[in-house]
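Residue numbers (the numbering used here): 80 to 317.
Keep in mind the hints are simulated off the structure, nothing from the lab. Values in this document were obtained by computation on a predicted structure and should not be read as measured data. Check before you lean on any hint, since a few could be wrong.
Stated by the list, open to error - Listed below are the simulated DSSO-like cross-link pairs for lysine-lysine, each with C-alpha atoms no more than 27 Å apart in a straight line:
hint, residue 1, residue 2
1, Lys116, Lys105
2, Lys187, Lys198
3, Lys193, Lys224
What the hints assert, rightly or not - Taking CB as the label site, the calculated pair distances span:
hint, residue 1, residue 2, range
4, Val313, Arg170, 33 to 39 Å
5, Ala284, Lys187, 30 to 36 Å
6, Lys105, Asp227, 22 to 28 Å
Backbone N, C-alpha and C define an ideal beta-carbon position, used for all residues, glycine too.
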Amino acid sequence: MTILPAIDLKDGEAVRLTKGLMESAKVYSSQPWELVKRFEELGAEWVHLVDLNGAFAGEPKNLEQIEKIRQNCSVKLELGGGIRDEATIKRYLDLGIDRVILGSIAVKDPEFVKAMAAKYPVVVGIDAIDGYVAVEGWGEVSEMKATDLAKAFADAGVEAIICTDVGRDGTLGGVNVDFTLDIARASGIPTIASGGVRDDSDLAALAVTDEVAGVIIGKAFYEGTIDLEEVMKVYGNG
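Put together the whole structure using the sequences plus the hints.
If you want it as structure tokens, here you go:
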């Protein structure tokens, strides 16, 4: 099970939100690249990055920090937030991002995502509120069930699906194991759990099944409820 430490970028700083609300942002570092370097030193293979400003704007908004992260760190990077067209995908991959996360566009134009997955390393991000897909930086809730969206990409060639229970994200309230398994079973694609991870018990609950390919750890690291170095040793990294 791959452990993916997470950094959300807002106005050039590393922050974490509660339930996806921008006004809830808590700043953890004004130099995000230093955090990524720390994750690398602790043994992370992947780091999960989100351009929060970009998610709302629909275009890259934290390029300077993303470039600085890539220049200073050798860990693999996946990046989401505001990626809506092929030019942006190519721009990030040319910058050295290892794979891109397509979220809102996966709901609005799934055929585009399938076409991109055939050409580039693509991950689909499925963010849900009460089981329905949230888009545009979680500012809107669609009428599509998360499991139906997962099924749509079953044979599309995407590298993974990241599923986030928005209601739990940043709350330290515990990961939604059932939701993660529902997405994994609907898609048949390696699925990464996200949202609400609190402590080792969450990781243990996810690790009992090989249907979960990874887990994203954010606030649990920043608030000290998970010892990242220790869980890397216990669960390995992939």
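Outcome of range test on Cβ distance (Lys105, Asp227; 22 to 28 Å)
The hinted range 22 to 28 Å is violated for Lys105 and Asp227, with Cβ atoms some 34 Å apart.
Would the pair Lys187 and Lys198 pass a check requiring their Cα atoms to be no farther apart than 27 Å?
OK: Lys187 and Lys198 at ~19 Å, within 27 Å.
Does Lys224 lie within 27 Å of Lys193 when you go C-alpha to C-alpha?
The hint holds at about 19 Å.
Given a hinted range of 30 to 36 Å, is it respected by the beta-carbon distance of Ala284 and Lys187?
33 Å, holds
Given the hint that Lys116 pairs with Lys105, does the C-alpha gap stay at or below 27 Å?
Roughly 20 Å between the alpha carbons, so the hint for Lys116 and Lys105 holds.
I want to verify a distance hint. Is the separation of the beta carbons of Val313 and Arg170 within 33 to 39 Å?
Between Val313 and Arg170, where Cβ atoms are some 37 Å apart, the hint holds.
The structure shown violates just one earlier hint, number 6.
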